[in-house]
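If you read the protein sequences in the order shown, they are chains A and B. Using this note's numbering, the letters of the first sequence correspond one by one to residues 1 to 453. Using this note's numbering, the letters of the second sequence correspond one by one to residues 1 to 453.
Since the hints were made in silico from the structure, they are not lab data. Do not rely on the hints blindly, as some may be mistaken.
[What the hints assert, rightly or not] Each computed DSS-like pair below joins lysine-lysine, with the alpha-carbon atoms no more than 25 Å apart:
{"#": "1", "chain 1": "B", "residue 1": "Lys27", "chain 2": "B", "residue 2": "Lys341"}
{"#": "2", "chain 1": "A", "residue 1": "Lys217", "chain 2": "A", "residue 2": "Lys257"}
{"#": "3", "chain 1": "A", "residue 1": "Lys46", "chain 2": "A", "residue 2": "Lys217"}
{"#": "4", "chain 1": "B", "residue 1": "Lys257", "chain 2": "B", "residue 2": "Lys152"}
{"#": "5", "chain 1": "B", "residue 1": "Lys341", "chain 2": "A", "residue 2": "Lys287"}
{"#": "6", "chain 1": "A", "residue 1": "Lys369", "chain 2": "B", "residue 2": "Lys341"}
{"#": "7", "chain 1": "B", "residue 1": "Lys369", "chain 2": "A", "residue 2": "Lys369"}
{"#": "8", "chain 1": "B", "residue 1": "Lys238", "chain 2": "B", "residue 2": "Lys448"}
{"#": "9", "chain 1": "A", "residue 1": "Lys287", "chain 2": "B", "residue 2": "Lys357"}
{"#": "10", "chain 1": "A", "residue 1": "Lys336", "chain 2": "B", "residue 2": "Lys287"}
Number of protein chains: 2
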Amino acid sequence: MSRTAVGTAHPERSFMNIVLLSGGSGKRLWPLSNDIRSKQFIKIFKQQDGSYESMVQRVYRQIKKVDSDATVTIATSKTQVSAIHNQLGDNVGISVEPCRRDTFPAIALATAYLVDVLKIDPEESVVVCPVDPYVEDDYFEALKDLAEQADKGEANLVLMGIEPTYPSEKYGYIIPVSAEHTSMVSTFKEKPTEEVAREYIAQGALWNGGVFAYKLKYVMQRAHELIEFQDYQDLFEKYDTLTKISFDYAVVEHEEKIQVQRFSGEWKDLGTWNTLTEAMEETVIGKGTMNDACENVHILNEMDVPVLAMGLHDVVISASPEGILVSDKEQSSFIKPFVDKFEQQIMFAEKSWGSYKVIDVEESSMTIKVTLNAGNAMNYHSHKNRDEVWVVLSGTGKTIVDGYEQTVKAGDVITMNAGCRHTVIATTELKLIEVQLGESISVTDKQKFELEY
Amino acid sequence: MSRTAVGTAHPERSFMNIVLLSGGSGKRLWPLSNDIRSKQFIKIFKQQDGSYESMVQRVYRQIKKVDSDATVTIATSKTQVSAIHNQLGDNVGISVEPCRRDTFPAIALATAYLVDVLKIDPEESVVVCPVDPYVEDDYFEALKDLAEQADKGEANLVLMGIEPTYPSEKYGYIIPVSAEHTSMVSTFKEKPTEEVAREYIAQGALWNGGVFAYKLKYVMQRAHELIEFQDYQDLFEKYDTLTKISFDYAVVEHEEKIQVQRFSGEWKDLGTWNTLTEAMEETVIGKGTMNDACENVHILNEMDVPVLAMGLHDVVISASPEGILVSDKEQSSFIKPFVDKFEQQIMFAEKSWGSYKVIDVEESSMTIKVTLNAGNAMNYHSHKNRDEVWVVLSGTGKTIVDGYEQTVKAGDVITMNAGCRHTVIATTELKLIEVQLGESISVTDKQKFELEY
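Kindly generate the complete structure, drawing on both the sequences and the hints.
The structure is reproduced here in structure tokens:
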């Protein structure tokens, strides 16, 4: 890969810089999304080889197909880093937000990451795009066009304007000056009522999908105007002191020179079960059966036991260790307040070293199934208020308990009293049952240590 | 309790003998019923104190309310004995069928049990009744009337004829000679079409609810005519050699002297989710939430995680460790062939000593949560092809492993290699995690032993 084409007057870019914004917790797709697994990581799209890919895997694959040399950076919180590496491998760039501070600080940090860490020329352009659009390859071709337009420098921001297919109340609207493919922006409109949306569309308005391109130096300059910082590292370190502010409010509203490029290809926002199931190729993922009297029913089952659906119409059934949703598809968009009320611990999670699943909860115990990927280890850690027992189910590895090393295999049992430091290092994939015992079991009861060896 | 009233000419019986037929596996109420938990043991009826009772508990309570001295014997297979004792206590009589041989052998065995084991005078009458009708107290008053009528000896069999409320295709019909409260039976009709049922009802036909009374000596005589046996014990021992034959075919069809008594009280057969949910006082049992857009929705959730229902109409949602059913209520009656296809191990069960639940299944391991009731013990047993590990979660007790006794409490770990004999005896209620490890884990891999102590 050569970056020498950058900065030349070559009319067609051979590669692009892209920042994918990987957002919040996504309770709208409960029970498959939860506080630590966002919707973009749910594997729902069947591939030709029969396996499933997630939204983030699909988008990443599409980018690499359209532009194999693209520099892809994912701007996200640290809770998602493990899932991103597990799903995309270790070569993807990640700009980790130490905490959530809305889109302007996030975009400023990612921009600084490209300039200061990846050493990309500030004269280059970058495209910022949500991580979860459901789109075809032409969308990514359009992103390249956006970047090329930003390269020209006619405007400081170049937005993608999506041709509306219906008068949606869910999106903001962009009013262009002209009906040409590329136009200056006249004004922006907040999410309207359906009636008002109809008027906007009659005036030639476009949906604002939150996709835009700019030269790196432009946002760096805006960032320095609004935030006192030296470089990426400095910005990263003071990130938690920054004011929450959106990119729209901090930048877009104050910018005169904004262009919009029309995009008329397929574009779906898979934010609700209704829209998500529309994009699924199959009606059943996981163990599920439905009778002939079912119409427009989708089953997404992450549990080990079967789901049977009979005589249902326009219903989505989704089951995971977190819970079970059965919803009329239209109604599923009203899910959030109900899920907010569920006070439940996280029942499963992907970690950098593998995954865990809570399989039993009692008043003074919790039992967990842990899967460590080959070559991976937990942190070396201890707990103040609980004892633990490990029973190895399969695989081989090594445990370290208060400095004492021991190779382990299926059937081996390790007991750890409260306060003792412990870890397990997987040689092959290693599965174990962890029984936690104590009066006040909590995920926050954990002290990490450097390994002494 | 005195039995001296029996055999006198006293017109009103002070107590009755009743045999409850507790039938098969009941896949129609999957996933709450399974191969070893029949529908009559599901706890669905809310009581005044907030707890729930099962069909068998409700019927038993109602019998005792109407006739506190009633001799209740449950005719059932051995797979149900633990559940019956757990739900009804140890004082209930059980006539255990060593294997299933249809209703005539079952009724003959139960009758011999009453005569030979309970030593009840063969001149006394008994009422035979399914264990799972959903009825009010007047039904049990009617059972007493049946027994009194049988006492009179005007007929050899006295049936209950239920006044039909609609032209059902699900029941057989009894055509009485007259419209009087007690009448001789003219003839029986098999389950008809709706149209034919309408004709029967116009002729004064009654539903056959499978309830009848007879003098013990009558069925004993028929049994000896059809089966070569000495007494209860002999019949029990040769039970597996008996031919499968229904009571209708073996007895009723050959009997001329049959009376029927009308019953016009409430009577429901809770055989499907549709009829069962009609009898439920609440719409949600277990963790469940529904939004205002739901109408006529029932949630029965035996899992630890929440069920959320949105915008559904006329739907039953039922979840257990066996699986999840989501069905239109009418459609739920077609469930059986689908459930027959699920090839799944039993995921939870009530045992004489407590209960167990499978919480994780891997290729070469299975993890189970075991709850032992205070004072109870597993069988002393061993496995050929698997090692096991117990981790005690709560409670106190004693383990015996190859004769070695050890008191145990929360946090204790016991390891057992294949072949070693083991049991655990609970002092208080005791919960433990059992990890089974081996290439061919099977419920049939179990040898039982007498304890040597």
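Do the hints match the structure? See the list:
no.: 1; hint: Lys27(B) <-> Lys341(B); result: holds (11 Å)
no.: 2; hint: Lys217(A) <-> Lys257(A); result: holds (15 Å)
no.: 3; hint: Lys46(A) <-> Lys217(A); result: violated (40 Å)
no.: 4; hint: Lys257(B) <-> Lys152(B); result: holds (13 Å)
no.: 5; hint: Lys341(B) <-> Lys287(A); result: holds (13 Å)
no.: 6; hint: Lys369(A) <-> Lys341(B); result: violated (29 Å)
no.: 7; hint: Lys369(B) <-> Lys369(A); result: holds (13 Å)
no.: 8; hint: Lys238(B) <-> Lys448(B); result: holds (24 Å)
no.: 9; hint: Lys287(A) <-> Lys357(B); result: holds (20 Å)
no.: 10; hint: Lys336(A) <-> Lys287(B); result: holds (18 Å)
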